[in-house]
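> Okay, here's what each chain looks like letter by letter:
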Amino acid sequence: MEVAAGGGCGAGPPLLLSDSEQQCYSELFARCAGAASGGPGPGPPEATRVAPGTATAAAGPVADLFRASQLPPETLHQITELCGAKRVGYFGPTQFYVALKLIAAAQAGLPVRTESIKCELPLPRFVMSKNDGEIRFGNPAELHGPKVQIPYLTTEKNSFKRMDNEDKQETQSPTMSPLASPPSSPPHYQRVSLSHGYSKLRSGTEQMHPAPYERQPIGQPEGPSSEGPGAKPFRRQASLIRSFSVEREPQENNSNYPDEPWRITEEQREYYVNQFRSLQPDPSSFISGSVAKNFFTKSKLSIPELSYIWELSDADCDGALTLSEFCAAFHLIVARKNGYPLPEGLPPTLQPEYLQAAFPKSKWECAIFDSYSESMPANQQSCDLNRMEKTSVKDVADFPVPTQDVTTADDKQALKSTVNESLPKDVSEDTATSKDYNSLKARPRSRSYSSTSIEEAMKRGEDPPTPPPRPQKTHSRASSLDLNKVFLPSAPAANSGLLPPPPALPPRPCPTQSEPVSEADLHSQLNRAPSQAAESSPTKMDAPHAQPPSKPIRRKFRPENQTTESQEPAAAVGGAVSAAMVKPHPTVQKQSSKQKKAIQTAIRKNKEANAVLARLNSELQQQLKEVHQERIALENQLEQLRPVTVL
Amino acid sequence: MAVCIAVIAKENYPLYIRSTPTESELKFHYMVHTSLDVVDEKISAMGKALVDQRELYLGLLYPTEDYKVYGYVTNSKVKFVMVVDSSNTALRDNEIRSMFRKLHNSYTDVMCNPFYNPGDRIQSRAFDTMVTSMMIQVC
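For the record, the sequence lines run as chains A and X. Heads up: the first sequence begins at 1 in the UniProt record's numbering, then just goes up one per residue. Heads up: the second sequence begins at 1 in the UniProt record's numbering, then just goes up one per residue.
What the hints contain is simulated information worked out from the structure, not anything from laboratory work. Don't take each hint at face value.
[Stated by the list, open to error] In silico DSS-like cross-links for lysine-lysine, where the CA-CA straight-line distance does not exceed 27 Å:
id	chain 1	residue 1	chain 2	residue 2
1	X	K10	X	K68
2	A	K293	X	K10
3	X	K77	A	K625
4	X	K42	X	K77
[As the list claims (entries may be wrong)] From chain A, some residues computed to sit far from chain X (all C-beta separations above 10 Å):
id	residue
5	P73
6	K605
7	V612
We put the CB at the ideal spot given by N, CA and C, even for glycine.
Given only the sequences and the hints, what does the whole structure look like? Please build it.
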């Protein structure tokens with residue numbers, strides 16, 4: 001139809017356009033025309049755009065488009081002349097199409113003649129530069145609402161009409177992909193992020209990056225030449241996939257925002273959501289400030305930066321993070337770790353409303369990822385617990401994974417190295433324990449609310465040579481002497497005297513016995529320096545303890561030692577306390593298991609509190625130092641000025 | 001309109017102090033420092049029984065030739081002190097009150113940040129922006 005119209009309207013040569021050319025040209029024309037006329041409202045009938053005669057492409061966008069074709073200006077002049085625009089004074093559809101075909105011819109190396117366009121030509125290639133019409137609606141600064149509609153609508157139109165052309169696009173795409181850079185990060189906008197988005201589409205993701213191309217500087221060599229035709233099939237495929245996607249509006253919004261580094265990809269989003277769920281099972285509720293602080297502190301960013309990130313992401317300043325706020329904050333942290341400077345204000349793609357709109361399906365995806373959340377970082381599964389500290393540390397290691405498309409290889413390595421710094425610290429603690437059960441113990445010990453399975457594991461760990469204490473528990477009050485006799489040989493010799501007597505009795509005195517002992521030990525331990533405690537407890541353990549129980553005690557205490565070296569004196573003290581606790585344990589081994597459990601939970605709680613306080617203490621001391629320095633500086637200033645000013 | 005704005009912690013050390021960089025910043029610092037005495041006087045004068053009813057806005061603390069100093073105390077004894085140019089007679093009491101209210105709101109937002117430790121210097125950019133907006137009209 002355009003052809004016929006073309007033949008009718010202008011004196012240009014009859015134009016035979018292939019289907020792909022038709023699509024391409026009509027799209028470009030619609031873009032230029034729409035951009036010029038300011039666009040219609042949301043949802044205009046596409047036909048009016050394409051309909052010849054009603055719309056003309058304004059000189060501005062057309063000129064930009066031609067310039068984007070990277071042809072020399074005189075060629076462009078020739079083309080303009082030839083297509084008839086100069087004659088008729090405007091770029092009607094015919095003229096536009098002829099011009100495009102001439103551009104294609106010129107780019108193919110053919111002379112700019114009317115005869116050239118009669119043959120089959122590849123599509124004209126346009127560098128996606130800022131001036132390009134496509135970019136114009138990508139850049140929110142220049143864009144106005146109607147213009148925004150254009151790419152979306154045109155692609156929608158294409159999606160409706162061109163679904164059958166998918167094959168053609170497929171054939172074209174293989175030529176693009178070798179030229180395209182690998183599916184790189186959103187901010188990898190030096191490259192053909194177009195083809196990046198395109199290849200991402202090919203890989204089946206729903207990620208849309210129509211806007212990214214505006215970032216590319218004009219005159220990029222290599223890749224950009226493929227972008228022109230690559231853009232169109234990309235857009236069409238994008239629109240196809242888009243039409244399959246549930247969300248149209250956020251996709252449209254996607255095209256508005258060129259902020260590649262600040263847009264959250266699907267996989268990133270899933271990752272963040274899983275992290276959110278690890279902190280707070282209900283995706284629709286909040287993460288409190290302290291929880292989030294602990295979590296984000298593990299990212300090893302400086303406190304001022306984290307503070308600033310919080311400021312940016314907590315839009316309602318309520319001290320808690322919703323899911324979208326959390327994703328925004330996480331994304332900012334990830335970006336910062338990858339070297340991106342923090343923005344001045346929250347980027348539009350990270351606004352909570354945008355995120356909520358963009359990913360509403362994440363809510364039901366959450367259900368899908370229910371099963372994934374355990375397996376996300378493999379360590380979670382191994383730990384079998386919601387152990388935030390350990391898993392989130394490991395998750396920091398996973399930071400490179402979703403951000404693989406965000407960074408260059410160097411950044412990733414830098415990130416990994418920083419992450420690995422954090423890891424060895426914990427890994428060393430784990431290896432220091434040097435036992436599997438100890439590694440299980442060392443971490444859960446700092447959690448006060450671990451499940452009973454961990455406690456049992458701990459118990460088992462504490463008495464490895466002795467039979468599992470569980471049967472003992474069941475027989476703690478029972479007077480089944482048979483079992484006691486079974487345990488006797490393995491029990492410490494010192495305890496053997498206690499065991500045969502009625503087991504019912506010891507449980508009673510045991511709590512009173514162990515608690516005062518434990519409290520005394522607690523006090524004494526707390527008063528001592530951790531290093532001293534380290535020395536004292538082994539000596540304590542040498543006291544009438546059987547070897548088997550003391551070994552785990554000692555071993556248990558060694559990790560405590562190392563944790564002290566890593567600035568957790570409280571934990572060490574707590575460990576010493578627990579070691580002291582365990583001292584009375586063998587004596588009432590079978591009967592006091594329940595009390596032991598209670599004591600150990602108390603120990604864990606105390607240790608956790610101690611760790612928090614120690615951290616707070618170090619922070620406060622740092623602040624105090626700073627304030628002192630400031631005060632000294634001010635006093636000095638005052639001193640200097642005193643002789644000068646008259647008070 | 002303010003020439004100098006300061007946030008003083010409960011222990012009377014500055015959490016945040018900012019003045020227009022025209023001249024003699026130290027003079028403003030000194031004025032704020034001396035006005036703390038007046039603030040303490042006003043707080044203590046209320047008496048313990050009146051703590052609940054005590055107004056947060058303390059009003060004009062200290063007029064000098066060139067400047068007027070206004071004060072505001074929060075319930076956690078964090079003090080806001082504002083030094084205003086005397087020549088700026090158009091400033092009414094209500095405007096000062098609204099400025100203090102804004103300050104207080106921004107301060108609360110800063111406190112909501114879990115990474116902010118109470119007693120730290122305030123380094124929040126949002127807070128900075130807000131203070132700048134209050135001060136910028138002078139210049």
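> Confirm or reject each hint.
Verification of the hints:
1. Taking the CA atoms of K10 (chain X) and K68 (chain X), the gap is near 22 Å; set against the 27 Å cutoff, the hint holds.
2. Straight-line distance between C-alpha atoms of K293 (chain A) and K10 (chain X) comes to about 25 Å, which keeps the hinted pair within the 27 Å bound.
3. The straight-line distance between the Cα atoms of K77 (chain X) and K625 (chain A) is roughly 23 Å, inside the 27 Å bound, and the hint therefore holds.
4. For the proposed pair K42 (chain X) and K77 (chain X), the alpha carbon gap of about 12 Å is at most 27 Å, so the pair holds.
5. Taking the minimum C-beta to C-beta distance to chain X, about 46 Å, the non-interface status of P73 (chain A) holds against the 10 Å cut.
6. Every C-beta of chain X lies more than 10 Å from that of K605 (chain A), the closest at about 21 Å, which supports listing it as non-interface.
7. Non-interface status of V612 (chain A) relative to chain X is upheld: no Cβ of that chain comes within 10 Å, the nearest being about 13 Å off.
Of the numbered hints stated above, none is contradicted by the structure.
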